[in-house]
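Counted the way numbering that gives the first Met the number 0 counts, the sequence shown spans residues 0 to 242.
Some hints could be false.
No more than 27 angstroms apart at the CA atoms, straight line, and that leaves these computed lysine-lysine pairs for DSS-like [unchecked claim]: (1) Lys185 <-> Lys119; (2) Lys124 <-> Lys90; (3) Lys185 <-> Lys124; (4) Lys90 <-> Lys119; (5) Lys7 <-> Lys59; (6) Lys222 <-> Lys185; (7) Lys91 <-> Lys124; (8) Lys91 <-> Lys59.
Taking CB as the label site, the calculated pair distances span [claimed, not checked]: (9) Cys86 <-> Asn4: 52 to 60 angstroms; (10) Lys59 <-> Asp10: 30 to 38 angstroms; (11) Gly188 <-> Leu111: 15 to 23 angstroms; (12) Arg49 <-> Arg69: 36 to 44 angstroms; (13) Met0 <-> Leu28: 42 to 50 angstroms; (14) Gln68 <-> Lys90: 29 to 37 angstroms; (15) Ala63 <-> Lys7: 23 to 31 angstroms; (16) Leu60 <-> Thr201: 54 to 62 angstroms; (17) Asp10 <-> Gln74: 50 to 58 angstroms.
Since the hints were derived computationally from the structure, they do not count as laboratory data.
Ideal placement from N, C-alpha and C gives every residue a C-beta, glycine not left out.
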Amino acid sequence: MVNPNLAKLPDFAAPEFQEDHQHFLDMGLMDRQAVDALAHIWRCNNERDRAIWARKQQEKLQAAEEARQREAICQQQWEEEEAQILCEECKKNKTKFTPIPDMEVVAEPIILPSQAALHKLQQHKFCKLWYFTNEGLREATATCSFSLDDDTLSFLPTVDRTITLVPTSMVRDKANVIEDENLSFKQFGQATLCMIAFMQDTGWDQPHVQMHIQFWSAIENHKWHNSTNPNQQWALLTYQGNL
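Please work from the sequences and hints to get the whole structure.
Written out as structure tokens, the structure is:
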């Protein structure tokens with residue numbers, strides 16, 4: 000249907016309307032009266048067509064809005080279902096959905112820290128950053144010994160308050176371990192990236208891992224990090240080492 004609002008009143012005195020014009024002349028109307036009668040009929044029909052057009056356009060708009068609302072509801076339901084499925088999948092496979100920290104890809108074989116450091120992480124206990132510096136990892140590789148033949152056993156309480164026997168090397172600290180506040184910024188950067196990876200590998204909850212990432216990132220990005228005043232750098236490292 001053509002939009003009747005765009006239609007223009009025809010010239011009913013033109014020859015193409017002669018047949019319609021003659022019909023009114025036969026009824027006894029004058030020429031001008033016949034033209035006016037035809038124009039009146041056209042206007043009535045046009046007003047009716049405009050009303051029909053307006054109603055149909057309103058119905059189209061209403062149908063489109065209802066379709067949009069139905070689609071939005073379906074989309075919302077689908078997103079909620081997908082979120083629920085993802086949530087359940089995350090609970091079942093935590094390590095699969097653990098975000099990977101933004102760090103450089105390791106091009107060399109991964110070196111494990113000392114057994115003492117790994118054991119502390121597995122128990123979700125405090126562990127000094129030095130174990131995860133390049134120096135700490137090198138020493139762990141040089142002195143690595145997992146055999147009970149050359150190591151004594153020690154009693155160790157576990158998280159469920161039971162006692163277990165473990166190699167003493169897993170629980171004793173090295174004599175040359177550097178305290179966190181005495182690390183250099185280079186050592187601090189090495190240790191935090193490495194420790195984050197092992198925290199995730201040993202099953203730390205993601206919120207706790209993220210908390211450490213945010214704290215250590217704040218230290219790394221602090222304006223004092225690149226300060227020429229050594230006291231300001233020392234203050235940052237002392238602050239992080241005593242929290």
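Taking the hints in turn, this is what the structure says about them:
no., hint, verdict
1, Lys185 <-> Lys119, "holds, 23 angstroms"
2, Lys124 <-> Lys90, "holds, 23 angstroms"
3, Lys185 <-> Lys124, "holds, 24 angstroms"
4, Lys90 <-> Lys119, "holds, 24 angstroms"
5, Lys7 <-> Lys59, "holds, 25 angstroms"
6, Lys222 <-> Lys185, "holds, 16 angstroms"
7, Lys91 <-> Lys124, "holds, 24 angstroms"
8, Lys91 <-> Lys59, "violated, 48 angstroms"
9, Cys86 <-> Asn4: 52 to 60 angstroms, "holds, 54 angstroms"
10, Lys59 <-> Asp10: 30 to 38 angstroms, "holds, 33 angstroms"
11, Gly188 <-> Leu111: 15 to 23 angstroms, "holds, 20 angstroms"
12, Arg49 <-> Arg69: 36 to 44 angstroms, "violated, 30 angstroms"
13, Met0 <-> Leu28: 42 to 50 angstroms, "violated, 32 angstroms"
14, Gln68 <-> Lys90: 29 to 37 angstroms, "holds, 33 angstroms"
15, Ala63 <-> Lys7: 23 to 31 angstroms, "holds, 30 angstroms"
16, Leu60 <-> Thr201: 54 to 62 angstroms, "holds, 60 angstroms"
17, Asp10 <-> Gln74: 50 to 58 angstroms, "holds, 55 angstroms"
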